[in-house]
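Protein chains in written order, with UniProt numbering: chain A, 1 to 365; chain B, 1 to 569; chain C, 1 to 371.
I should point out that these hints are in silico values taken from the structure, not numbers from a laboratory.
A portion of the hints provided could be inaccurate.
[Unchecked claim] The calculated lysine to any residue pairs, modelled on SDA-like cross-linking and capped at a C-alpha distance of 20 Å, are:
1. B/K484 <-> A/E133
2. B/K484 <-> A/P327
3. A/K324 <-> A/S231
4. B/K484 <-> A/A250
5. B/K484 <-> A/H197
6. B/K296 <-> B/L467
7. A/K79 <-> A/T60
8. A/K79 <-> B/D362
9. A/K36 <-> A/Q87
10. A/K79 <-> A/V65
11. C/K267 <-> B/D362
12. A/K79 <-> B/L467
13. C/K79 <-> C/G112
14. A/K324 <-> A/G214
15. C/K79 <-> B/A186
16. C/K79 <-> B/D362
17. A/K79 <-> B/E345
18. A/K36 <-> A/S22
19. B/K484 <-> A/A76
20. B/K484 <-> A/G135
21. A/K79 <-> B/S360
22. B/K480 <-> A/M45
23. A/K36 <-> A/H197
24. C/K267 <-> B/K296
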Amino acid sequence: MKVQLENITLAYGEATAIDRLSVTVEDGESLVLLGKSGCGKTSTMRCVAGLETPTGGRITIGDTVVFDGERGVRVAPNKRNVGMVFQSYAVWPHRTIFQNVAFPLQQQRLPKAEIRERVADVLALVGLTEYAERGASLLSGGQMQRVALARSLVMRPSVLLLDEPLSNLDARLRDRLRVELREIQQRLGLTCVYVTHDQSEALALADRIALMQGGRIVQIDRPEKIYDAPSSAAIADFLGVSNIFPCAPAGPGSAPATYRLTGHATEVTSDTPAAGTGKDPRVCIRPEDIRLTGEPATGANSWPGRVDVVSFQGSYVRYRVSLKDGPELDAVVPRRATRMLDVGTPVWASADPDAVQILPAEVPA
Amino acid sequence: MSTLLIRIRRGLPTSVLLLILGVLVIVPMLFIALAAFSSETPRPGSIGLSGLSLDNFAIFGSSQALGAVGNSLLVAGSASVLALAIGCGLAFLAARTDTPGRRFLYFAGIAPMFLPSLVGALAWSLLGSPATGFLNLLLHSVGLNITVNIYSMPGLIMVLALYYAPYAFLLVHGALSLMNPDLEEAAFVHGGTRRRTLRRVTFPLALPAVLGSGILIFALTMENFPVAQVIGNPAQIDTLPSFIYRLMNASPSRGNEAAAVAIVLTGVLLIVTAIQQRAVLRRKFTTVTGKGVKPKKVPLGRWRLPAFAAAVLYFVLAVVLPLGALLIASLQNSPYVASLGQLTEPGALSFYALGELITSDDFLQAARNSVLTAVLAGLIGTALSFGLAYTVYRTGAAGRRVLEFAAMAPLAVPAIVLGLGLLWTWLVVPLPVYGTVVVLIVAFLAVFLPQSYRGVSASILQVDRDLEDSAVLLGAHRTKAVTKVTLPLMRVGMVSTLLLLLMLCMRELSAALFLFTSDTRLLSILIFDNYDNGAMQGAASVSLLYCGVIGVIALLAKSLGARTVDGAR
Amino acid sequence: MRTRLRYALTALTVPLALAAASCAAPPSVAVVDAESATVDTSDGLVVDGERIADAELFEAARAEGSLSLYSGYVENSEKQVIAAFERDTGIEVNLVRLVPNRLAERVLSEQGAGRLGADVVRTSDYDIAMRMYDAGVFTGHDVPGADSLDDTVRYRDGAFYRVFNPLYTFAYNTVLVDPEDAPTSWEGLTEDRWRGHLGITQVGAGGSSLTLTRFQEERLGPDFLPALADQRPRIFDSSSAALESLARGEVSVATAVVSSVNIAAAKNAPVDFVVPEEGMAAYDYFVGKTTSARHEAAAELFLDWNLSQRGQDVFRQIGEFPARSDVSPPEILGQQLPAADSGLIVRIPPQELIDAAEADQRRWLSLFGYL
């Protein structure tokens, strides 16, 4: 169901956790709240669940207003039909898996037969059929995650909230469950809100990503749009752009625009529209957009330097190159693209002007 | 309008709890303060702020009062040092050395806990009274011309140290056996000798536990009444608690001056408690929590047996001799014993008195009262602590810090002083509570609130808040989520708290001292009353049975505790 | 040496195992012989021929069935009194017993709050009784023959009565001190041979101690207490603690109350008291019916019984000196106590006691270096 937040504010005394936040999650949509810890993303989610009471604003789930600060509406969390998978999973260790999953249905006082049937269905969906009678304290992390998911799914929630659902798992399991989660969400047409600080998780799970900073949404868009066009250097940084340098226009005239890195002689040419750069602009280049070659590349943006650090990462190699009279650059090169470079090798680093973005440091609030 | 309602609903639990805490803790202290600064003790119809003065504190101009202050400090100070020496030594032997019989060492370390200090003091007055103490009879019968006089400053200090050493033992043993061996091994690897490692790494790491327990023992011995009364009084050594008791029992009663002394004692304890709390807080950051690892043992070589003998000596002094003395005293047919040989004569000893006692109305009533108050205080105390801990840690209610502070406040109030305050409170409050078992329950609730609050809040902190929230999101009402999820998960902590409360209430004397009447006597009171009325045999007999009851509760606690440890794994 | 130790240890354990296995009752003597009185309830209450209550009062009291007594009297003794009363009347007595000053505290508080639970209050100390009287605790009641009781028995128009006087003297341990050698006078206690072997009770322990102190000051002269202090006696908090220590042989001679010595001796304690040549101190116990009594008839019956020949005889058997002058003094542990007019039973008039209390207390404390 559609979830609508209007002007939600949450303050603890002087500190403001959420600042007049408005966003709409469409029916069947998966929205990811992405941001650093303390940006207000979890608080926002807990406001939807009813675990936190906002200081003001309005929250609507489907057609029901569940919170309205002005009219004093406050629907209790257990009456909102909101599912939530906690970061800690919150699987009850003193109950079996069946008892965990059957709990919401027992609260609805459904007949036993129906409970059994629906629990069996949902356990099959998450692949835990054989574990039904097992005590919940004996499960692995992945299994707990599935139990928590099944427990929320079985109540057929209006909206499913997931708080860092994958962050407690190891890397391989995370990759697999990410795909499974996406599949289940799409198959059931669930309205989902995720909270995460992991950009790759956000990109994989989201129909739309809402980037949060200081209790506000600073950019909201489809994953690929955000990836390609972050609206500030801070967002770019968060999305894994590790080469970010303060800069200033090199001089009037020439288009595409040329910038000089502050404190260095290095000049950078950008082909992307430098919209809204305003003051305090930053040069942002993704490490995978840096090429390393033996000779100077043709065209703009080719700088001489030396390899400082080599880190083999399996499918790719990560280099740290210090530019002559310039800063250090991060470069990620596919393993097969070139032969491995040794530490100390002189190289030329280059970037296409259309891979270079000039962004403001922060989005004006 | 509706936001106002929400606010009222939010504030309600806190206000109710605050009201309860106010009645339990704050009002009694106000009465003490009122009495200390006025010329009349609080009584219905004679309460007022008129006639406030500092006159009552003039008692501190007397040499007796100053002596009591000095004695209290001296006794508490020396007893804590001695108790620390015993407790830490035993803990080190039991946890970190190859002394034989380590299970026995552990048992010897904690066993004296099951003898309340009142019982210990009574037993030692039987053992070490100068003319006819059993120890002296024994010494003389083997031809030694040594007379032990327990009624002396060293005697008082020794008895206190014997029965408070287990506190040091428990804390320090915990710190030593949970210590991560990596830290010591690191010192070895970096070239430290064993001795230097012990001195530079092990002991400094255990230091917070040592200091923490030292301050705790100082506070406890400072406010200890039974030992001061039973051992100190015959030696004419007054401490602040026995001084308060005497002022109250003087005829006519000198309640206002007692209140003034109580204020001073509370002040001293407040300072000590503040230091202790800081030490405990700091300990949280420094104590090394291990993962159930077994640290290396220090070989003692030829000191193994002497070390073992020292532990046995402590056990004999703290447990075997006192219980033996109590047994003999309760079997004696005549209170007078001129020599040990006299006890061998036919008819000198008999179970008759003990049997009479067990079936006597007095004993049965006291036992019933004891169990009733302990169980009720335990249940209510645990429930109240849960309400407090839940409000403090799980809600956004206003005034949570105040609640927590009020719940911990009795830590700084000596039990005897709180009892005095409760006496005046319930004499004045127009409810028929004074003179009933209810007032004793109220007293125990107040005195042991910090312990139960700490137990329950530690337990609630271990249960992830999400576990309960998820039940609410899954459709359960908040109260249902608490009963279905939070409480079952806290079962172990709640049961341990309940048992701890049972144990503490069973042992307590000082808090009930001014509150009991002849039909609401507890076992501890019955012992003290018997002693006070000169019926030493009755006191000894009840003491024996009393230790039995406490032992049973302790065993119960241990068996439950053991199961919980297994269940957690 | 070692064998002697082992001998001593066996000497300790073997008898414990063998001798203690017996469950025989130790020889002991009942202090009060409650059963010997003949009770006739055909017309009121008549015990041993003495008419204690008429039929009307007795039936009313029987109908009430019980009464509540707040008492500051020694608990065991009070229980013996109650047992005798219950036997004679069939009326149950619910006892709340507290030491007198705590009893006063409780009675005055309950009275102040308008919910005094007692039908009858018994306490020592005239000033405690008067504080209660001033607070309106007592209501007047005339016991049978009230007219013949003088104003040292009947106070404030029968608001409360003096019922008996415990006698404060000194006692000795009969094992440690041969009766031949026992001191026979208070002056004898100041002899050198008792130095370090005496026990006394502190002056603040209650009205009894104050009475004894006044007696000593008045009868034995101002030099007695300093001389006693020179003997370095052990000072006890209460007289019962002193008596216990005497029985255990911690001290050889101690100040003691006759009735307590009587009861201790009945329980096999090797103690006996002395009737000193200079006499002994008698302090007061009072009893009164409360204004708020809910069991009025039972309360009145209890008072009547207390001041009857029968009641007075029970106190006599315990070892107290009866208040009624027409009841003969007790014979305790084979010693006939002197008559009231012998000059050896010294009762200090209450007001005199109260007036001297503060000065006596201060002097005593400074002499003995006590609180």
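Distance restraint between A/K79 and B/E345, which requires alpha-carbon spacing of 20 Å or less: Outside the cut-off at roughly 82 Å; violated.
20 Å Cα cutoff - pair A/K324, A/G214: The hint is violated at about 38 Å.
Given pair status - B/D362, A/K79, alpha carbons within 20 Å: 57 Å, violated
Given pair status - A/H197, A/K36, alpha carbons within 20 Å: With Cα atoms ~6 Å apart, A/K36 and A/H197 stay inside 20 Å; holds.
Pair hint outcome, A/K324 versus A/S231 [Cα-Cα no greater than 20 Å]: At roughly 30 Å apart (the allowed maximum being 20 Å), A/S231 and A/K324 break the hint.
Given pair status - B/S360, A/K79, alpha carbons within 20 Å: With a Cα-Cα distance of about 60 Å, the restraint between A/K79 and B/S360 is violated, given a limit of 20 Å.
Restraint check for A/K79 with A/V65, where alpha carbons must lie at most 20 Å apart: 12 Å, holds
Hinted pair C/K267 and B/D362, Cα distance within 20 Å: At roughly 18 Å apart (the allowed maximum being 20 Å), B/D362 and C/K267 satisfy the hint.
Pairwise hint evaluation, B/A186 against C/K79, where the allowed Cα distance is 20 Å at most: 72 Å, violated
Restraint check for A/K36 with A/S22, where alpha carbons must lie at most 20 Å apart: The given pair, whose Cα atoms are some 19 Å apart, holds under the 20 Å limit.
Proposed proximity, B/L467 with A/K79 (alpha carbon, max 20 Å): Holds. A/K79 to B/L467 sits at ~18 Å (cutoff 20 Å).
Given hint A/G135 paired with B/K484 - CA-CA distance at most 20 Å: Roughly 16 Å separates the two Cα atoms, so the pair holds.
Checked against the numbered hints given earlier, this structure breaks hints 2, 3, 4, 5, 6, 8, 13, 14, 15, 17, 21, 22, 24; the rest are met.
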